[in-house]
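Q: Chains A and B are the protein sequences, given in the same order.
The first sequence begins at 1 in the numbering used here and counts up one residue at a time.
The second sequence begins at 266 in the numbering used here and counts up one residue at a time.
Calculated from the structure, these hints are not laboratory results.
Some hints here could point you the wrong way.
Stated by the list, open to error - To spell it out: a stretch of chain A is covered by chain B in this simulated footprint if at least three of its residues, at any positions, have a beta carbon under 8 angstroms from a beta carbon of chain B; those stretches are:
no.: 1; region: 69-79
no.: 2; region: 165-174
no.: 3; region: 201-209
Said to hold, decoys possible - Cβ-to-Cβ under 10 angstroms is the rule here; a few derived chain B residues that face chain A:
no.: 4; residue: L381
no.: 5; residue: Q382
no.: 6; residue: D413
no.: 7; residue: A414
no.: 8; residue: V415
no.: 9; residue: G417
As the list claims (entries may be wrong) - Taking CB as the label site, the calculated pair distances span:
no.: 10; chain 1: B; residue 1: T369; chain 2: A; residue 2: R154; range: 13 to 23 angstroms
no.: 11; chain 1: A; residue 1: P15; chain 2: B; residue 2: G372; range: 29 to 39 angstroms
no.: 12; chain 1: A; residue 1: D134; chain 2: B; residue 2: H349; range: 25 to 35 angstroms
no.: 13; chain 1: A; residue 1: G249; chain 2: B; residue 2: T379; range: 32 to 42 angstroms
no.: 14; chain 1: A; residue 1: R63; chain 2: B; residue 2: R348; range: 53 to 63 angstroms
no.: 15; chain 1: A; residue 1: A71; chain 2: B; residue 2: H349; range: 44 to 54 angstroms
no.: 16; chain 1: B; residue 1: G377; chain 2: A; residue 2: E67; range: 43 to 53 angstroms
no.: 17; chain 1: A; residue 1: G205; chain 2: B; residue 2: H349; range: 42 to 52 angstroms
no.: 18; chain 1: A; residue 1: R28; chain 2: B; residue 2: L381; range: 25 to 35 angstroms
no.: 19; chain 1: B; residue 1: T369; chain 2: A; residue 2: G51; range: 46 to 56 angstroms
no.: 20; chain 1: A; residue 1: E34; chain 2: B; residue 2: L381; range: 41 to 51 angstroms
Every value quoted in this text rests on a predicted model; they were computed, and no experiment measured them.
No residue lacks a Cβ here, since even glycine has one placed at the ideal position from N, Cα and C.
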Amino acid sequence: MGTVVSLDVRATERPEALTTAAAAVTERLVHIDEVFSPWRAESWVSRLIAGRVAVDDCPSEVREVIELAVALADLTDGYFSPFWRRTAAAPGPDPTGLVKGWAAQQASDVLLAHGLPDHVVNAAGDLVVSGWPDPQDALTLWRVGISDPTTSGRLAGVVELAGGPRRWAVATSGVAELGLHVVDPHTRSLPSGTASATVVTAVDGSRPQGGAFADACATALVAAGDAAGSLMRGLSSRAADAFLIASDGSVDDPGRVLHGVPREL
Amino acid sequence: MTRLSRSRTRRAVALAGMLAAVGGLVGVRAALSPQPVQALGSPGLASPVHGGGSGNSGSGKAGGSQHSRSRKAGSPNTRAAARHRTVDGNPYDVGYGTVQVRVTLDGRRITGVTALQLPSGGRSSDISGYAAPRLQQEALAAQSAHIDAVSGASYTSAGYASSLQSALDRAGV
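Extracted from the complex, chain A is given alone in its bound form (with noise of 0.2 angstroms):
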């Protein structure tokens, strides 16, 4: 078991610079598996979660993401919660739901360091998508397939979002990942309804960490269940474009995301 990530690199040049980056986003990931893993026993994360250090004791990465999972679940009204499964014996804060979202983000920032600006990084679904698809052509579009979460081997639509030197961040969340975050931390049971949620967002200055950021939201809204209308509206206002997808396959799109609209600041 385990996420794959893969990098899909548009360059024009310097294949050897590939490689090096290649060899340093696997470093950066290997250690964030090693720190952030709540399935090692002794990554810090996982000591955190069991209430044997404390956030101050840790890494200053790891108060970075705690940080940001505390204040996603304020923007989120709690459906996002690093205290999803707060118990006697998991009293500490747990920032799973958004941590994949954030090492894509953090591979992408590797690629950008190495002067790889056209690229996407996958998190098993969670992407950030960076440049231009076509360094050649400004006004080629980064088409992201959102798959069907009730037909396998399908997709539901297209996300179209325009090439530039800004970043964007998709994120979706499903009910495949029922049971280790998605769990509404109000009641504390599966929600419902609500098939697969994918949320878009820039990565700029207003909004830094967007890979976290569309991470947390899309597991908010799926966790919300009848809530994640009325969450997803509210997000729009905080520039997170969003939709959802309900298990007998209608499509919640206010905001006209999916289907090839592109997506302009």
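Given the coordinates of chain A, assemble chain B onto it according to the supplied hints.
A: Chain B alone, transformed into the frame defined by chain A:
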């Protein structure tokens, strides 16, 4: 369409632990046109099962291990372009079962990815059953000239990714 002025690199980094795992695995394989480069990360949870895997059209080699490979630029792919082949990846032991995939190709184009072996029983079979279609979908969609990436909720298996990568290595794509 040749892409001498633009190279695309696709790498899959199998990172156990972000969703569910009992250990860690990082495997990185770079496919860089026209010259593939392979970078190996640390082995871990998913270990090759010796003696598995096969290819049936004279490309790649049978047997378990992954070695770095180089392909001369300008190797004759045109004759292979329309050739249908089936290539099996290595089987991988993921602790609660064995994972092995089979890839079908027309020349260099992946036309299908199926699971020959998946762990079964209990919750792991639910996860395995869900993971296989997702990764297959991504493998197919990513080849489309019209889709850059796929976003969808999924579990992925380190063993599945490793077996798929070994099949692609063997197929020379």
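Q: Could you run down the list of hints and mark each one as holding or not?
A: Status of each hint after checking the structure:
1. 69-79: Per the Cβ count (0), the hint is violated.
2. 165-174: Our answer is that it holds, as 5 residues pass the Cβ test (under 8 angstroms) against chain B, meeting three.
3. 201-209: violated (count 0)
4. L381: Nearest chain A Cβ about 18 angstroms off; hint violated.
5. Q382: violated, 15 angstroms
6. D413: Cβ of B/D413 sits 5 angstroms from chain A, so the hint holds.
7. A414: This hint holds: B/A414 lies near chain A, its Cβ roughly 5 angstroms from the closest one there, short of 10 angstroms.
8. V415: Where the cut-off is 10 angstroms and the nearest Cβ of chain A is about 4 angstroms from B/V415, the hint holds.
9. G417: Cβ of B/G417 sits 3 angstroms from chain A, so the hint holds.
10. B/T369 - A/R154: 13 to 23 angstroms: Given range 13 to 23 angstroms: holds, Cβ gap about 19 angstroms.
11. A/P15 - B/G372: 29 to 39 angstroms: Since the Cβ atoms of A/P15 and B/G372 sit about 23 angstroms apart, the hinted range of 29 to 39 angstroms is violated.
12. A/D134 - B/H349: 25 to 35 angstroms: About 30 angstroms separates the Cβ atoms of A/D134 and B/H349, which means 25 to 35 angstroms holds.
13. A/G249 - B/T379: 32 to 42 angstroms: violated, 25 angstroms
14. A/R63 - B/R348: 53 to 63 angstroms: holds, 55 angstroms
15. A/A71 - B/H349: 44 to 54 angstroms: holds, 53 angstroms
16. B/G377 - A/E67: 43 to 53 angstroms: Once the Cβ atoms are compared, 45 angstroms apart, the range 43 to 53 angstroms for A/E67 and B/G377 holds.
17. A/G205 - B/H349: 42 to 52 angstroms: Roughly 51 angstroms apart at Cβ, these two residues keep to the hinted range, so it holds.
18. A/R28 - B/L381: 25 to 35 angstroms: Holds - the Cβ-Cβ distance for A/R28 and B/L381, about 33 angstroms, lies within 25 to 35 angstroms.
19. B/T369 - A/G51: 46 to 56 angstroms: holds, 50 angstroms
20. A/E34 - B/L381: 41 to 51 angstroms: Roughly 32 angstroms apart at Cβ, these two residues miss the hinted range, so it is violated.
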